[in-house]
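Guided by the hints, dock chain B onto chain A, whose structure is given.
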Amino acid sequence: MKKDFLKNFESILDEEPNFKLEMNSKFRDLDEWDSLTALSLIVMLDEKYNVKLSGDQIKVFETLEDIFNIL
Amino acid sequence: MAFIHSIDFYLPNNELSNQDLTRQFPEWNVEKISAKTGIKKRFIADEHEFASDMAIKAANKLFEKTKFDKSKIDFLIYCTQSPDYLLPTTACIIQDRLNLNKIGAFDFNLGCSGYIYGLSIAKGFISSGIANNILFITSETYSKYINEKDKSNRTIFGDAASATIITKEKGLCKIGNFELGSDGSGSENLIVKSSGVKGSKLYNELEKTDEFGNIHSDKDLYMNGPEIFNFTGTFVPNLIHSFLLKVNVEFDDVDFFVFHQANKFMLDYLRKKTKIPKEKFILELEDYGNTVSSTIPIALCKIVEKGKVNSGKKVLVAGFGVGFSWGASILDF
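Residue numbers (the numbering used here), protein chains in the order written: chain A, 1 to 71; chain B, 72 to 404.
In isolation and in its complexed conformation, chain A is listed as follows (with noise of 0.2 Å):
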């Protein structure tokens, strides 16, 4: 589940990241992280595990975790 979650949320990026993606990666250290990426990232969990990510939720989580946590 958590191995399908990273794939997923790799899934969202154009780039290559810019580090290992791990369940404790801070997701706004990734270079590509912007609004743009936010919107695909509640598409996709929206698409695929059928859960909305609020505008709130975006602002204090910091993890992959945190947000695998709510799925």
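Rather than coming from a laboratory, the hints here were simulated on the basis of the structure.
Check each hint, because a few of them may be wrong.
[Claimed, not checked] Straight-line Cα separation of at most 30 Å, DSSO-like style, residue types lysine-lysine; simulated pairs:
(1) K52(A) with K349(B)
(2) K3(A) with K343(B)
(3) K317(B) with K59(A)
(4) K52(A) with K317(B)
(5) K220(B) with K26(A)
[What the hints assert, rightly or not] Stretch-level coverage of chain B by chain A, calculated; a stretch enters the list once three of its residues show a Cβ under 8 Å from a Cβ in chain A:
(6) 281 to 289
(7) 298 to 308
(8) 335 to 343
Glycine included, every Cβ here is placed at the ideal spot set by N, Cα and C.
What follows is chain B alone, placed relative to chain A:
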């Protein structure tokens, strides 16, 4: 009955391309901007060009194109969130500068839903006999609210004005019924906080960096992209289906859907969620960006110009955003 007689629009001179943006924000990638937002360029008003100037240019362009007799206009409605002053209402200034008769004129303050609301007001005035030939103008210069260092908003928004003549007599299309609504619990998600009588007292003007690296102060336009995205993603598909049920129009009988042109990424998502076939869904933002209340009239103007719509076609128009506020209507061509 009320009809849209004609529509035209005006864009300011300064083009801001994706290349221009990536020069200032090297981490921003030209292809990514085009692919995701669907926007290649937007136009920005000069320092000394204001929404009222653009409104006048759009109206004059329309009068020139249609040869519509200005003296027949008996009401002016102006939609803007970039008024010249808090008071007087900018519509009075526009009435004078356009040399219109001393007709009724007022502003109303709405953004992305503004065009739909304007059509509903105009239809109401015409149906009740208050007016026969209404000039309805939308004009916005969000660029003046956006911080130079706010990459996201500078990418999305463009300035523009539109002018529409709405008449009692037959025209381009008949204006149908409406569904209008609002939910102010979302008001803080798209806002210029330090503005207006209350806001300018409440907020400070220090610049902050948000969670996406955009820099802005409370004096600047703030948009919570993810929240707006979530709101529209759940709300708009329901709005379309409940509206069609209310007006008793079959989903398949709609020939074209013209949504507020927010950005391509959001529009694609909404299209899929609403299950609208690609060929019926209008995307007209590549050369303008999100021009707030002018996106729908610009798109209507373009599909008419391109010969996409002709007599007998049904077009569903829907606007949604800042407020939150929304509206939908159906136009019979």
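Contradicted hints - numbers only: Result: hint 3 breaks, nothing else.
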